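First to last, the protein sequences are chains U and D. One point on numbering: in the numbering used here, the residue at position 229 of the first sequence is 229, and numbering is uninterrupted. One point on numbering: in the numbering used here, the residue at position 69 of the second sequence is 565, and numbering is uninterrupted.
Hints are not guaranteed to be accurate.
[Unchecked claim] Beta-carbon label-pair distances, calculated as ranges: (1) Phe579/D / Ser151/U: 19 to 29 Å; (2) Phe103/U / Tyr596/D: 53 to 63 Å; (3) Arg602/D / Leu172/U: 40 to 50 Å; (4) Phe579/D / Arg397/U: 17 to 27 Å; (5) Ala437/U / Tyr590/D: 46 to 56 Å; (6) Pro553/D / Glu54/U: 50 to 60 Å; (7) Val210/U / Ile499/D: 44 to 54 Å; (8) Ile503/D / Glu102/U: 51 to 61 Å.
[To be verified] Among the chain D residues that face chain U by a calculated CB cut under 7 Å, a handful are: (9) Leu524; (10) Leu532; (11) Leu533; (12) Ser534; (13) Asn535; (14) Thr537; (15) Leu540; (16) Leu541; (17) Leu547; (18) Ala569; (19) Leu570; (20) Leu572; (21) Val581; (22) Leu584.
Hints in this document: simulated from the structure, not taken from any laboratory. Note that the structure is predicted; figures quoted are calculated from it, not measured. Cβ coordinates follow ideal geometry from the N, Cα and C atoms, glycine included.
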Amino acid sequence: MSNLPIIPVALPLVAGIVLALIRERTVASRAVSLLVNCVGLGVAWSLMMKVQSEGIQTLGFGGWAAPYGIFFAVDMLSALMVLVTMVVSTATLLFACFSLDEFRERRFFYAFFQFLLVGVNGSFLTGDLFNLFVWFEVLLISSYALMVLGSEGYQLQETFKYLVINAVSSMLFLIGVAVIYSLTGTLNMADLSVKLALVEDQGAVAAVAVIFMMVFGLKGGLFPLYMWLPRAYFAPPTVISALFGGLLTKVGVYALFRTTSLMFVDNVPFTLPVLIVVSAGTMFFGVLGALAQWDFKRVLSYHIVSQIGYMIMGLAIYTPLALAGAIFYIVHHILVKTALFLIAAAVEKLRGTTNLARLGGVMESRPALAVLFMIAGLSLAGVPPLSGFVAKLMLIRGGLEEQSYFIVVVSVLVSFLTLFSMMKIFRYGFWRSSESADLDETGAGMRIVATSVLVGAGIVLGLGAVWVLPYAELAAEQMLDTQGYIDAVLGPGASN
Amino acid sequence: MGIEIPILLLVGALLTTGVYLVLDRTLLRVVIGLGLLSNGTHLLLLSTGGLEEGAAPVLAHGVSTVVDPLPQALILTAIVISFGVTALLLTISYGVYERYRSDDLRELHGRLDDE
Chain U
1 MSNLPIIPVA LPLVAGIVLA LIRERTVASR AVSLLVNCVG LGVAWSLMMK
51 VQSEGIQTLG FGGWAAPYGI FFAVDMLSAL MVLVTMVVST ATLLFACFSL
101 DEFRERRFFY AFFQFLLVGV NGSFLTGDLF NLFVWFEVLL ISSYALMVLG
151 SEGYQLQETF KYLVINAVSS MLFLIGVAVI YSLTGTLNMA DLSVKLALVE
201 DQGAVAAVAV IFMMVFGLKG GLFPLYMWLP RAYFAPPTVI SALFGGLLTK
251 VGVYALFRTT SLMFVDNVPF TLPVLIVVSA GTMFFGVLGA LAQWDFKRVL
301 SYHIVSQIGY MIMGLAIYTP LALAGAIFYI VHHILVKTAL FLIAAAVEKL
351 RGTTNLARLG GVMESRPALA VLFMIAGLSL AGVPPLSGFV AKLMLIRGGL
401 EEQSYFIVVV SVLVSFLTLF SMMKIFRYGF WRSSESADLD ETGAGMRIVA
451 TSVLVGAGIV LGLGAVWVLP YAELAAEQML DTQGYIDAVL GPGASN
Chain D
497 MGIEIPILLL VGALLTTGVY LVLDRTLLRV VIGLGLLSNG THLLLLSTGG
547 LEEGAAPVLA HGVSTVVDPL PQALILTAIV ISFGVTALLL TISYGVYERY
597 RSDDLRELHG RLDDE
């Protein structure tokens with residue numbers, strides 16, 4: 001038992017408090033946040049290496065024995081998610097330092113940014129159901145604050161809706177926790193995995209499974225509960241949307257992966273068939289929404305929904321190959337989607353709008369941005385040899401091996417539509433000639449650097465898939481091996 | 497056992513009223529509805545440990561009746577969280593009202609979409 005798993009949570013927590021105290025000094029705030037994020041990146045890397053060499057890491061707080069205290073349990077999936085979180089948050093932070101207005105910077109932006117990371121990392125690392133709820137609330141409250149920061153009319157209205165929807169889903173989460181606690185008397189997820197099978201009233205377990213699917217479906221933006229997402233992500237400044245679009249929904253997806261694999265696959269027979277339908281609906285209706293939109297940010301927001309369908313597809317097929325594909329897809333998606341949002345933010349800085357009908361000519365004035373968009377957009381659509389291709393190939397192969405032809409057909413169709421929609425943005429936003437003039441801008445170079453980091457990471461992920469895949473495969477293997485997780489948390493033999 | 501049934505009925509009443517109010521189109525009623533929803537949920541959480549009259553969540557020598565302390569710890573956390581969220585929600589609703597001089601969501605909808 002080492003203290004390493006708590007550092008990705010403790011570090012941003014302390015940094016957030018410090019940043020709240022020095023909010024008037026913007027230069028110092030930027031330096032402190034960037035420094036802390038770089039250290040966090042190193043910690044996340046060493047945590048992943050430790051998980052790879054020594055297996056699942058656990059950390060119990062307050063010296064309580066296994067199922068009683070609050071536990072952090074870090075397997076490869078958690079470690080990968082924390083690492084990719086730190087990568088995208090560092091790049092987004094760099095971008096924000098050179099694009100956000102002075103007003104927002106002084107109004108606790110950097111502090112809330114760190115608190116958001118506390119919540120995200122905590123959700124990825126915890127092994128306790130109620131603790132997961134608490135980390136969710138930490139990240140949600142920070143996201144409310146970041147979303148409403150600046151208090152423009154549209155932001156206020158959309159944040160109100162976003163807050164109400166998330167507050168209702170948190171209540172559902174608590175109801176699920178209450179029911180599961182009354183059934184089993186435990187909240188430790190490894191312990192629940194053992195005890196749920198022993199519950200007499202399996203109907204109640206099925207009800208709990210449905211509650212949790214709804215909760216994480218709402219938070220993760222799954223069909224048919226994604227309606228709130230595109231409008232909410234349109235409201236804040238684009239750089240903040242980039243952070244949300246990359247990270248927040250994926251926490252919901254991660255929680256669905258974790259709870260489903262540990263608690264519901266073995267106990268509730270209809271989990272996987274329902275998830276197949278949900279994933280097909282998420283993919284298809286998300287991409288249809290994107291096709292109907294004429295705004296850079298809105299198109300990207302609908303694509304978040306569509307892409308989440310692919311992750312759920314991997315979970316629903318539930319074989320080592322498909323799960324490894326889904327985990328690879330999550331990593332790819334977080335990097336590429338954040339990069340696309342950052343490009344949208346850079347274009348917005350350049351032209352003052354993200355409406356495709358009024359954009360154009362970015363290729364002439366900023367060729368670097370156009371190239372970056374081309375790479376990221378093709379990667380999102382799944383064109384070889386970029387990372388999206390590797391991820392989709394694994395998912396489709398996984399689907400074919402299990403003879404789930406329906407979902408495979410839908411996923412291929414949605415890929416084509418994604419490509420179409422990316423080309424629409426490229427054609428109208430970047431390619432065609434335009435009369436509109438560039439705005440006077442400062443810090444454009446650093447914004448391109450920040451975006452290039454992510455696009456570069458995406459390229460490495462695609463071309464160097466051979467090096468990354470073992471980690472995804474290990475994560476999938478650990479996810480399927482629930483007994484290994486249980487033994488790591490409760491101690492070997494405790495489940496008998 | 498007897499004490500749980502009325503509590504659960506109360507939970508049901510609170511949740512129904514809460515859902516009804518959340519579906520309303522007035523901002524303030526939505527806020528109040530969320531408050532009722534969270535109170536109902538907290539009561540449900542409290543009742544999961546089993547309710548025992550006259551017992552404390554402390555186990556000491558010579559004490560025979562105790563209640564499960566965990567649900568009490570859980571709702572304490574949940575109450576603090578919902579308090580914070582409600583405060584933020586009230587601030588945002590007031591911001592919306594101050595800007596548009598209306599708290600009817602239907603009326604706000606058309607106006608804000610034009611921006």
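Going through the hints against the structure:
Against the hinted window of 19 to 29 Å, the Cβ-Cβ separation of phenylalanine 579/D and serine 151/U comes to about 22 Å, which satisfies the hint. The beta-carbon spacing between phenylalanine 103/U and tyrosine 596/D, approximately 21 Å, falls outside the hinted interval of 53 to 63 Å. Taken as a hint, the range 40 to 50 Å is violated for the pair arginine 602/D and leucine 172/U, whose Cβ atoms sit roughly 26 Å apart. For phenylalanine 579/D and arginine 397/U, the Cβ-Cβ distance of about 50 Å falls outside the hinted range of 17 to 27 Å, so the restraint is violated.
With their beta carbons about 40 Å apart, alanine 437/U and tyrosine 590/D fall outside the hinted range of 46 to 56 Å. Here the CB-CB span from proline 553/D to glutamate 54/U is close to 38 Å, at odds with the stated 50 to 60 Å. The hinted range of 44 to 54 Å is not satisfied by valine 210/U and isoleucine 499/D, whose Cβ atoms lie roughly 29 Å apart. Checking the proposed 51 to 61 Å range against isoleucine 503/D and glutamate 102/U shows it holds: the Cβ atoms sit about 52 Å from each other.
Hint status for leucine 524/D relative to chain U: violated, with the closest Cβ pair at about 12 Å, above 7 Å. At its closest, the beta carbon of leucine 532/D sits 10 Å from a beta carbon of chain U; the interface hint therefore is violated under the 7 Å criterion. For leucine 533/D, the interface hint holds, since its Cβ comes within 7 Å of a Cβ in chain U; the closest pair sits about 5 Å apart. With a least beta-carbon distance of about 6 Å to chain U, the hint placing serine 534/D at the interface is held under the 7 Å criterion.
Taking 7 Å as the C-beta cut-off, the interface hint given for asparagine 535/D is violated, the closest approach to chain U being about 10 Å. Among the interface hints, the one on threonine 537/D holds; its C-beta lies about 5 Å from the nearest C-beta in chain U, closer than the 7 Å criterion. With a cut of 7 Å, the hint placing leucine 540/D at the interface with chain U holds, because the nearest CB-to-CB distance is about 5 Å. Contact between leucine 541/D and chain U, as hinted, is supported at the beta carbon level, the nearest pair being about 4 Å apart and thus within 7 Å.
Interface hint at leucine 547/D: violated, since its Cβ lies 12 Å from the closest Cβ of chain U, which is beyond the 7 Å cut-off. For the restraint placing alanine 569/D at the interface with chain U, the shortest Cβ-Cβ distance is roughly 9 Å, beyond the 7 Å limit, so the hint is violated. Annotation: leucine 570/D was flagged as interfacial toward chain U, and the flag holds, the nearest CB pair being 6 Å apart, inside 7 Å. Among the interface hints, the one on leucine 572/D is violated; its C-beta lies about 12 Å from the nearest C-beta in chain U, farther than the 7 Å criterion.
A hinted interface residue such as valine 581/D counts as satisfied when its beta carbon comes closer than 7 Å to some beta carbon of chain U; here the least separation is about 6 Å, so the hint holds. A distance limit of 7 Å between C-beta atoms decides the matter here; for leucine 584/D the minimum to chain U is near 6 Å, and the interface restraint holds.
When each numbered hint is compared with the structure, violations occur for hints 2, 3, 4, 5, 6, 7, 9, 10, 13, 17, 18, 20.
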